[in-house]
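Peer 1: If you're matching them up, the sequences are chains Y and R in order.
Using the working numbering, you'd call the opening residue of the first sequence number 725 and step up by one each time.
Using the working numbering, you'd call the opening residue of the second sequence number 725 and step up by one each time.
Hints were generated in silico from the structure; no laboratory data involved.
Be a bit skeptical, because a hint or two may be false.
[As the list claims (entries may be wrong)] One-sided and incomplete, this derived list gives chain R residues near chain Y with beta-carbon spacing under 7 Å:
#1 Met760
#2 Ala808
#3 Pro815
#4 Arg818
#5 Asp825
#6 Val828
#7 Gly848
[As the list claims (entries may be wrong)] Below, simulated DSS-like cross-link-like pairs (lysine-lysine); rule was C-alpha separation at most 30 Å, straight line:
#8 R:Lys943 / Y:Lys812
#9 Y:Lys943 / R:Lys812
#10 R:Lys812 / Y:Lys947
#11 Y:Lys812 / R:Lys812
[To be verified] Distance windows between CB atoms, simulated:
#12 R:Met760 / Y:Pro1146: 26 to 36 Å
#13 R:Arg885 / Y:Thr831: 37 to 47 Å
#14 R:Lys861 / Y:Gln742: 33 to 43 Å
#15 Y:Asn827 / R:Met760: 53 to 63 Å
#16 R:Ser795 / Y:His829: 52 to 62 Å
#17 Y:Ala1143 / R:Phe891: 33 to 43 Å
#18 Y:Met760 / R:Ala1148: 47 to 57 Å
#19 R:Thr763 / Y:Pro1146: 32 to 42 Å
#20 Y:Ile928 / R:Asp952: 32 to 42 Å
Model, not experiment: these values are computed from the prediction.
Each residue gets a CB set at the ideal place from its N, CA and C atoms; glycine is no exception.
Protein chains: 2
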Amino acid sequence: MVPHLVTALSGPINELEQRVLDSMPAIERWFRLEWMEHTPPFYTSVDVRNAGFKLAPLNANLFPSAWHNLSPEVLPLAVQAAMAAIEKICPEARNLLIVSDSNVHSTFYLSNLAQLQQIFHMAGLNVRIGSISPEVKTTTPIELPDGRTFNIEPVTRANGRIGVAHFDPCTILLNNDLHTGVPGILEDLHQQHLLPPLHASATIRRKSNLYKAYEELAKRFGKLIGIDPWLINPMLEHLNGVDTAAEHDIVTLADATDAMLSKIKRRYKEFGIKEKPFVVVKLEHGRQGSGTMTVQDPKQLASTLQRTMFKQSGVSSVQDILIQEGVLTHERMHDAVAEPVVYLMDRYVVGGFYRVHAHSGVQDDVKLTDSTYVPLAFAETTRLPQPGTRPGVSAPNRFYMYGVIARLASLAASYELEATDPDAELMD
Amino acid sequence: MVPHLVTALSGPINELEQRVLDSMPAIERWFRLEWMEHTPPFYTSVDVRNAGFKLAPLNANLFPSAWHNLSPEVLPLAVQAAMAAIEKICPEARNLLIVSDSNVHSTFYLSNLAQLQQIFHMAGLNVRIGSISPEVKTTTPIELPDGRTFNIEPVTRANGRIGVAHFDPCTILLNNDLHTGVPGILEDLHQQHLLPPLHASATIRRKSNLYKAYEELAKRFGKLIGIDPWLINPMLEHLNGVDTAAEHDIVTLADATDAMLSKIKRRYKEFGIKEKPFVVVKLEHGRQGSGTMTVQDPKQLASTLQRTMFKQSGVSSVQDILIQEGVLTHERMHDAVAEPVVYLMDRYVVGGFYRVHAHSGVQDDVKLTDSTYVPLAFAETTRLPQPGTRPGVSAPNRFYMYGVIARLASLAASYELEATDPDAELMD
């Protein structure tokens, strides 16, 4: 079952789809060459927004959860990609430790852990699941509603290496974005591969690094396939050190928002788009989805800023702020908004699903903590493109396009991690 | 739909399956490390024989056809593996030329070509299909019963490179085992990757090289998982320069066959196996399936040798001959023999099918030209093993075991190709 695609939207999106399909060999070759020079994130999930006239990634989540939402049919793909990933990073690996999030009371999150354990076990590793949460003091047996069982064990450290009881892993897979900060137990590990690296964690990562890298890639990609990069890249401004408690700074922010709205309007006019523009105001730091507000009218800004944004985040009033062109979500499943999420393992798209929101407007940003969505796995046979089919009517071709955008976002994250790597030697 | 497995056969095969499953992490690690040192064949198909008490590969076909028999569900796996293969060999590749067999009047073979073209197109290459057969003088449009169309074009050579009209490929994929000899047009190509290499072709390859490499690997693998390597390796003897027209040589051959039968009997006794042993007599050279006879009684040998074997092959009476322990086929689909065939792309098992013979006995060797078989694709969800399931009752676990044996055979072919590479430098 695949969501009904809004194909009535003739216009740039179908042209884009056509371009992407026609350029498939060039695109794949381009990615191959890029991945020779740049190391893909170990795993990534990317929320894609399809506005009907433009397409954009919302993020590149380097600690993806919700792997259990992928359909069983794509599991072999994930396993094969996991084999390729492990082979590259640590071929001599025997033991993999998954470090879980602290969210271990959620059946959804536990199902995600079970799925990850299964994938890496199938790829041929001994897999154990550990927690660095002080709450997990002893081995905690988990039983899922479907009958699967596993243990969450307290992570311990000895001789500069971490592990769980009688288990010394060569590779440690973080499934925890460390949004409360990097704990000492994970720092300076002795000859253990920690993936993703600590500078990918939530408190260190800055959103603008990803968006800047993505913008550069979108330009090069646009040139490659002959499209205006705006069709795949939302415009972005940043304002550093904004004091949201100071009247003057709020005015600056409102002006910047207004300027962005004007820029979007010009673009909409150029492309004959009738939609009402909006802007997404985001904190440079902070987890995806928190500290985010959508603005259609700069006058709203001051009144809602403190209430919606900083109250939620519970952070300082002085912030680096991003002002990003909002991208509509135009896919629908019946009347509900369907937001595609694409999953990658290493450089391979292995599947995805739709977050189907029953009661959302088109402008809603992703809410990772929102429990009202229904996951709807991409049908696995639809992952392969169907050349020769008219644009806009083939689900596989649409998914291929989503996969391309998700890979661009994942590549941007790879550039970002290279640029922000504290251990990288400076090259001149 | 999966063939009914003969699970009543308690005994070594179920122990073997259990060992293989229990050793999964060790096995996968071993393969990872092997593939770091040895280049996998580009693609391989392996016929596996399951005698209920032992398991063995019959061959490692380096020019696999019948790709169309794989189920559509496994196509994404084949595409992902093809991406990995291309990335390794020639990341800058744009164009791939598939050189077809001369068998271009068979709808089956043409469907195979269409499937290969699709796989590599999906992997992001421009793919054309060429023929080096003198029969193909101009571009020949093909229309398959399912409506798919493609062209077979005459291969031309200029400046030491081959291609088809206005198409200069960087990689050439042979889907032709060159059983009539290596044609000059394929020799000494200038900066083009020819895969598999010419020394993998039928007239150059010697079966014993594969079997010798496999024997060594079976010993090491047996040690790894703690099994007698005989359980996965048929015994083998060779007699070189046998003149099958000379009475004396026939006696020697009959004696060697008799000796092999005695060795098998001792093994059967050791393992408590009640089956009647048989021997497969094969020509060292020659395509898989031709020049092969099964012998249960050495007295039959002289009488049937000329009639069945050399008449068919139409070759000289002086031959290098292999005397191999026969491995029964015990899997059944209703009453028909079901022979598993496993397909690999690069180092990945991507799928497989059963050849279901309606009217065959258990001792029949594979007959690639036999049109009475029905392909039965492995169900794609069954590719992943299910740890914890009792041995012998889980199709996925059985398939995993088949995949392991097929990978061992493919690895043996890799060793074989290294050892027989005419361009390899001698290392001391």
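Peer 1: Against chain Y, is R:Pro815 within 7 Å by beta-carbon distance?
Peer 2: Holds. Min distance 4 Å.
Peer 1: Regarding the pair R:Lys812 and Y:Lys947, is the alpha-carbon distance no greater than 30 Å?
Peer 2: Holds, at about 26 Å.
Peer 1: Would you check the hint for R:Lys943 and Y:Lys812, treating anything up to 30 Å between C-alpha atoms as holding?
Peer 2: holds (27 Å)
Peer 1: Should the interface hint for R:Gly848 be scored as holding, given a Cβ-Cβ cut-off of 7 Å against chain Y?
Peer 2: holds (2 Å)
Peer 1: Quick one, are Y:Lys812 and R:Lys812 close enough, alpha carbons at most 30 Å?
Peer 2: holds (12 Å)
Peer 1: Hint says 33 to 43 Å; check whether the CB-CB distance for Y:Ala1143 and R:Phe891 agrees.
Peer 2: With Cβ atoms ~40 Å apart, the hint holds.
Peer 1: Do the beta carbons of Y:Asn827 and R:Met760 sit within 53 to 63 Å of each other?
Peer 2: violated (37 Å)
Peer 1: Regarding the hint that R:Met760 lies at the interface with chain Y, is the smallest CB-CB distance below 7 Å?
Peer 2: holds (5 Å)
Peer 1: For the pair supplied as a hint, Y:Lys943 and R:Lys812, is the alpha-carbon distance within the 30 Å limit?
Peer 2: holds (27 Å)
Peer 1: Per the hint of 47 to 57 Å, is the separation of the Cβ atoms of Y:Met760 and R:Ala1148 within bounds?
Peer 2: violated (26 Å)
Peer 1: I want to verify a distance hint. Is the separation of the beta carbons of R:Arg885 and Y:Thr831 within 37 to 47 Å?
Peer 2: Distance hint for R:Arg885, Y:Thr831 is violated at roughly 60 Å.
Peer 1: Using Cβ atoms only, decide whether R:Arg818 comes closer than 7 Å to chain Y, and label the hint accordingly.
Peer 2: Nearest chain Y Cβ about 6 Å off; hint holds.
Checked against the numbered hints above, the structure breaks hints 5, 6, 13, 15, 16, 18 and 20 and satisfies the rest.
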